[in-house]
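Residue numbers (UniProt numbering), protein chains in the order written: chain H, 1 to 321; chain W, 1 to 321.
It is worth saying that the hints were derived from the structure and are not from the lab.
In this text, all values refer to a predicted model and were calculated from it rather than measured experimentally.
Errors might be hidden in some of the hints.
Quick list of in silico lysine to aspartate or glutamate cross-link-like pairs, EDC-like style, CA-CA up to 20 Å [to be verified]:
1) H:K219 x W:D316
2) H:K88 x H:E119
3) W:K219 x H:E119
4) H:K321 x W:D211
5) W:K321 x H:E143
6) H:K225 x W:E34
7) W:K225 x H:D316
8) W:K225 x H:D284
Computed spacing ranges between beta-carbons, pair by pair [stated by the list, open to error]:
9) H:L70 x W:G152: 37 to 43 Å
10) H:K225 x W:K219: 29 to 35 Å
11) W:V320 x H:E241: 40 to 46 Å
12) W:G141 x H:K295: 40 to 46 Å
13) H:K94 x W:Y297: 53 to 59 Å
14) H:D246 x W:K219: 55 to 61 Å
15) W:T139 x H:K321: 47 to 53 Å
16) W:N259 x H:V240: 38 to 44 Å
17) W:V320 x H:E43: 28 to 34 Å
Backbone N, C-alpha and C define an ideal beta-carbon position, used for all residues, glycine too.
Number of protein chains: 2
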Amino acid sequence: MKGKREESTMKIAIAGAGAMGSRFGLMLHQGGNEVLLIDGWAEHVQQIKEHGLQADYNGEKVVVQLPIVLQSEVVKEDQADLIILFTKAMQLEKMLMDIRSLIKEDTEVLCLLNGIGHEDIIEKFVPMKNIYIGNTMWTAGLEGPGQVKLFGNGSIELQNLGANKEEAAKELAKKLSESGLNAVFSENIHYSIYRKACVNGTMNGLCTILDVNMAGLGKTSTAHKMVETIVQEFAKVAAVENVHLDISEVIAHCESCFNPKTIGQHYPSMYQDLIKNHRLTEIDYINGAISRKGKKYGIATPYCDFLTELIHAKEDCLNVK
Amino acid sequence: MKGKREESTMKIAIAGAGAMGSRFGLMLHQGGNEVLLIDGWAEHVQQIKEHGLQADYNGEKVVVQLPIVLQSEVVKEDQADLIILFTKAMQLEKMLMDIRSLIKEDTEVLCLLNGIGHEDIIEKFVPMKNIYIGNTMWTAGLEGPGQVKLFGNGSIELQNLGANKEEAAKELAKKLSESGLNAVFSENIHYSIYRKACVNGTMNGLCTILDVNMAGLGKTSTAHKMVETIVQEFAKVAAVENVHLDISEVIAHCESCFNPKTIGQHYPSMYQDLIKNHRLTEIDYINGAISRKGKKYGIATPYCDFLTELIHAKEDCLNVK
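If we strip away everything but chain H, and leave its shape as in the complex, we get (with noise of 0.2 Å):
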């Protein structure tokens, strides 16, 4: 037993440990690997190293010693097989730019963060080879400094964005699923990636600016077309990335948010970020980037481009920086 498991252990480094991260650095750790969570927030690296991770993990209290580091103060001594990002988008760059030193030659990078085109960040500092790029179904809550809350069974697709790389992409699923990550090999990733982020690119931006659950929002008379069009650039740009989303299914797959039996009671990510937590938003990593995307390829995205110049105005008019 001992011999299986020194055989898939890594070093792995979060670099993001905010929620997300700490999920996925507790069940590393407990799968045997060498976890180092990185993260710009004293509070919260401050916590951890004095008191552990503290989880509610599926009801159980659990406590976990996993060594924590702030990301301005890693040491080349940390550098690691495998880095897995899970910042919020804007944060990105900076985390790159502090973490460089931890970048080996042959470190992979997996980038499990919402919202896309990340990778043309990721590899200003990592050779395309050696990026994986891929999506959360996990869910996870940040309590307060140190304390998590871990409810509920999740799954990852991920793949290589380098040439010839499938079968290294299909070993690190397999090594993540070790840990019970549910990691599988995804054979468009970009699809997935797409399709995740028009769900994002709908729910979020307009419950936002309207101020109202999902649900709320699937009740009002003109929500249906607002996703459509929605739905309809980011697809429009999709295609020449020659990602072909079925827009009628994704349509559908955005709605079902709406269900108040489900998840539509649920207020989305960017709700709790900007309105409950006056804390900046990421727009510009998901119809912002439909907008960036459009412009580049000559492609009008107006629902995008509006959506996000009034989530900014709102930011502003909150006054959160």
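Given the structure of chain H, go ahead and fit chain W onto it with the hints provided.
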């Protein structure tokens, strides 16, 4: 003097006797005309019947016994020389249906509603030769049933829609001015109406959806881009109707509302209707009218489309009917 007064006396019906209609009714009554107020709000009508119109008129308390009738109870004997339309846009057609018995062969109808395209509805009830449209810079506030607050000065621009009716339009302006309303004939009322609609089409919807006053909107990083794009859509539609807006002048005119030292601290009327008083908005007759015209003319108006949809969604979220 008596002879002169009688010469210019008209039977004037004010269709829509809210704040602005009451101001016009009061001033035209004081100018010696035979005024009849018509409204659909029973409590307001009852108050004025019992206690007269109670006005705070530039700081002076004024009570005037003005005849008033519910629009559902008008009788043919109330036929008017002039009907001034002052309903909310969405109440216009119902009002015209209710008062059609008052419209004689030669009754002049002056439309002073906010928004654009009302003539399409009016001409179902009134021959084009008798229709005049105008733009008013007067203000008025409704304090409660039967009670209005009338401060400051104003003016009116108006123009005939009928061919060869310029002299009649000038005569109408003259008659209104005899009651102090400062009405002037306009060579290009459509320009004025579109220019004013641009102010409403930017300040109203954006302040309402962002929950902010005009100065607050002006401070956001994206306000200019949104105002610019919306005005460009209005201008493209107006151009098809041979109204050629000076886009940069109109944008500057809209953005003058941001000034916190003048009117910037105010919340526009749509905000007051929807957010403060939970009433339906006039969005369909401002941005929504541009959307409809755009569709008719084959011109894309996505910002007007989206803003109209967002405001309707907000109406639905607040359960306003």
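Each hint tested on the structure:
no., hint, result
1, H:K219 x W:D316, "8 Å, holds"
2, H:K88 x H:E119, "14 Å, holds"
3, W:K219 x H:E119, "34 Å, violated"
4, H:K321 x W:D211, "19 Å, holds"
5, W:K321 x H:E143, "39 Å, violated"
6, H:K225 x W:E34, "49 Å, violated"
7, W:K225 x H:D316, "14 Å, holds"
8, W:K225 x H:D284, "16 Å, holds"
9, H:L70 x W:G152: 37 to 43 Å, "60 Å, violated"
10, H:K225 x W:K219: 29 to 35 Å, "31 Å, holds"
11, W:V320 x H:E241: 40 to 46 Å, "42 Å, holds"
12, W:G141 x H:K295: 40 to 46 Å, "45 Å, holds"
13, H:K94 x W:Y297: 53 to 59 Å, "48 Å, violated"
14, H:D246 x W:K219: 55 to 61 Å, "42 Å, violated"
15, W:T139 x H:K321: 47 to 53 Å, "37 Å, violated"
16, W:N259 x H:V240: 38 to 44 Å, "43 Å, holds"
17, W:V320 x H:E43: 28 to 34 Å, "43 Å, violated"
When the structure is compared with the earlier hints, violations turn up for hints 3, 5, 6, 9, 13, 14, 15, 17 and for no others.
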